[in-house]
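Line order of the protein sequences matches chains A, B and C.
Just so we're aligned, residue 1 is where the first sequence starts under this note's numbering, counting upward by one.
Just so we're aligned, residue 1 is where the second sequence starts under this note's numbering, counting upward by one.
Just so we're aligned, residue 1 is where the third sequence starts under this note's numbering, counting upward by one.
Simulated from the structure, these hints should not be mistaken for laboratory data.
C-beta atoms are modelled at their ideal positions from N, C-alpha and C, and glycine is treated no differently.
Don't take each hint at face value.
Said to hold, decoys possible - Listed below are the simulated DSS-like cross-link pairs for lysine-lysine, each with C-alpha atoms no more than 27 Å apart in a straight line:
id : chain 1 : residue 1 : chain 2 : residue 2
1  : C       : K53       : C       : K41
2  : C       : K138      : B       : K83
3  : C       : K135      : B       : K83
4  : B       : K34       : B       : K83
5  : C       : K41       : C       : K52
6  : B       : K36       : B       : K12
To be verified - Residues on chain A that point at chain B, a partial pick, calculated with CB under 8 Å:
id : residue
7  : S192
8  : Q194
9  : Q202
10 : L219
11 : V267
12 : L277
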Amino acid sequence: MSSTTPLLDVSGLTKHFPIKGGFPIKRTVGAVQAVDGLDFQVAAGESLGLVGESGCGKSTTGRLITRLLEPTSGKITYQGQDITHAGRRDLAPIRSEIQMIFQDPYASLNPRQTVGKIISGPMEINDINPEGGREKRVRELLEIVGLNPEHYNRFPHEFSGGQRQRIGVARALALEPKLIVADEPVSALDVSIQAQVVNLLQKVQRELGIAFVFIAHDLAIVRHFSQRVAVMYLGKIVEIADREDLYGNPRHPYTRALLSAVPEATVEEEPRERIRLTGDVPSPINPPSGCRFRTRCWKATEKCASEAPPLVRVEGNRDGHLTACHYPETADTVPAPRLSKDPEAAA
Amino acid sequence: MSTPFLSVRDLKVHFSTEDGVVKAVDGLSFDLEKGKTLGIVGESGSGKSVTNMAILGLHDPRNTALDGEILLDGKELVTATEKELEQLRGNKMSMIFQDALASLSPYHTIGAQIGETYRKHTGCSKKEARERAVEMLRRVGIPQPDVRVDDYPHQFSGGMRQRAMIAMALVCDPELLIADEPTTALDVTVQAQIMDLLKDLQQEFGTAIIFITHDLGVIADIADDVLVMYGGRCVERGTKKEVLQTPQHPYTLGLLGSMPSLDGPVDVPLSPIPGSPPSLLNPPSGCRFHPRCAFVDQVAGGRCSSERPALEFVDGRAAACHLTPEQKRELFSDYAAARTH
Amino acid sequence: MFRFLVRRILGAAVILLIISALVFVLFYAAPRDPARIACGKVCTPETLELVKKNLGISDPLPMQYWEWLKGLFVGRDYTSYGHCDAPCLGYSFQSREPVLDTILDRFPTTISLSLGAAVVFLIFGVGTGMLAAVKQGKALDKIASSASLIASSMQIYVVGVFATYLLVDQLHLLDRASYTPFTDNPGKWFSGLLVPWLVLSLIFTANYTRMTRSQMVESLTQDYVRTARAKGLSRRTVFFRFAWRGAMGPIITIFGLDLGVLLGGAIITESTFSLQGLGMLSVKAVGTNDLPILLGVIMVAAAAIIVFNIIVDAVYALIDPRVRLA
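Produce the complete structure using the sequences and hints provided.
Have a look at this one:
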């Protein structure tokens, strides 16, 4: 990592959603600990992948960074400026630099607006008048994302899912952002179309030097797209590293289990190591003490229950590879035992 | 040669809509033996789900025309009456769906829904049905089944709902199980659990499974044979190993090229298939894949756009493509090499 | 369930308190003085004072309101009428009768009218809606759909008068609208209310037909309905055991609102059919500045609407286990 200020610096980021309840008068009785103390940086032009299973807090993280949600605590610094609790006015110039791409290409475009209107919307709101006019810029953007500029006056329903996602990308690019938060941008698309959009995003990232926070559950796509990858579990980052290290030398048992569960389209002569986690992810309302993964971990001890492991560079990690585990895996660790399939035993 | 357990011959499913006739499935044939798993791969609109709804006879008869043959254990299903089909559904053949939360009734307990199937087909008492439901829940790995049997679906987690759904589908020991993207909505670790469960249950009961998915990785894990569908037709068929290692159709090749892997190169772009899946209201002429195919020019006389390629068996492999085996060997190896550099 | 009831009743009390205070303030914001009217043509200032005192309106407004509130719980003593037991709603300025007695006398008419009509239009509306959903796209569906459109655009005072003229005066098929207490003679109670019920439900049935049909059609496309069919259940079982439940939720919600509309519309219905219910009572009370009656009617009507809605919510939770009462 460079010594200069990162584009985005997140420290101790926490979001707890209050739960109302009680009797006879409702009050806050608890909290969903959606995100709990995240630390990470994103350098300019870099892509950070956030992976994890549903409920791990990766989407909430995306919404906190773009300030669609107000953090409970922690700090978000963008280009050295603290934007954690910045108001509308302070946020205005930054809003144009941080853009978002959403999962659902059907729901995230206004069906009553033409493509031209949708893409020029951000420019209008921010009162930006590019040289040659907004329409010319929109046509350029359509061309960049691989759509016909002649389709300026068409409506979203006239496009296929993949094309709609391209419109979403064009809209995000309209304000020449420095950071794009992409929340599951391809998971609603067909396999052959996914690859088209991933290629487009990769082209955009390289040619325009835009940094990405790429949120996805598909580990192979994240590996393909992101130089750095953070694995989240139940609101916490359990491991973060450059992709070669994370995929080549996973140190956290959860990372390892996750990787081994991904079905690959290859027929192996010898079946590869498979770690089967049992049971379900515990509730974020009342997460396990200590290490949150311990209830599903085959290595858990007393220590894991009493002491939350810090996210640090454990022995054997290369620079920039941080793991939150008391008993990190090593390359020559005996493959994890194939766990009993009866969740009762784990519960 | 003995007749296969399930045999589909030249199946056609056509929907009439306001805009015209949608040829959702257009001449599909395949066989399936007991205890085997056939993986059907395809993208949205490829006809993979429609095919299986037709096997169960769950298409809407008001706007659907069904043609061809579906023989289940020698019994013709296309011409079967509604009453006959009701006897078979949930009993001899059953189905599990992608979205277990939406697919289970929110108004009835898990136990009631499982027991209902059992009662319908065995005519047993409510008490017996409930006991059977508890037993099935235990079998699919639900903790405390005697308590959870009275829960409603919304009280279950995603993985447990899919287990409950499997319990419901298997309650009458069906001989054919159709699984329509049963793991697509699940997290990978839960997906792995569910696939293990299905494999175990298949070994135990000898069920024939049709596993529908868009994910070739899932196919590699669970299927014996693979059928690749595109635009309502089968473009390629073979064993899992054959199809994944030496694909014989440009579409299969394209699908494989679209998927990043966990150990492939990261700095080269993926090789997506250009364009979008075809509209079945007005499908492309000839080979339905030809507008997106990279090898159209390799076939002389523009046959790709004028002539429907037959699903021909060459060396035990079936692919509906006009390219000659020699051309494929040459072209496809280049294509694959470009990807792995 | 207990928590739900306690919370809702507490909420209801607050709402009723606010409503009563509002009525008090609004009533005195009006320029006319009820004492002046009650006092008669020859009215000296002394008599006026006496009348005011007798009516209990000589004190400042907050005091009056407090007295009225207290009356609800502990009763109230009047110089001219003597003691009025709790719950005391006061005495009418006009008839000098206890308000509670007057309301209790009229209330059954309005309730019989509204709830009776509700029962009729629920049965007819939901029934035809279901039928239309089964026969989607067929003649019956089309007839039901267009008939419901025409019916829902009609007004009660038009249909009411016409129906009375045709069915009662000309054809002598049905009895003229009248109210006989159910406890006196159930047969007469029924026949006397039949015409208003039919007229009211003609208008409401239309809405319920359309709503039921569209809810059922949507419900039938749900994944769990498909699953039920995949289990081998017959169309009929699926329709009545699965699809039906999904369709009822929204209909019950609308029904709760419509009960309020029915009670509020009682004024029009009752005057159309010359029935002496709460609607007519409140019209008269407004005309004569009879605050105690007006307040009483509004409170009773509001309480009734709140009670109906609590029942509706409870029924909703019964039908849909995902809705938890809290």
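Handout entry: Which numbered hints fail
Key = Failing hints: none at all.
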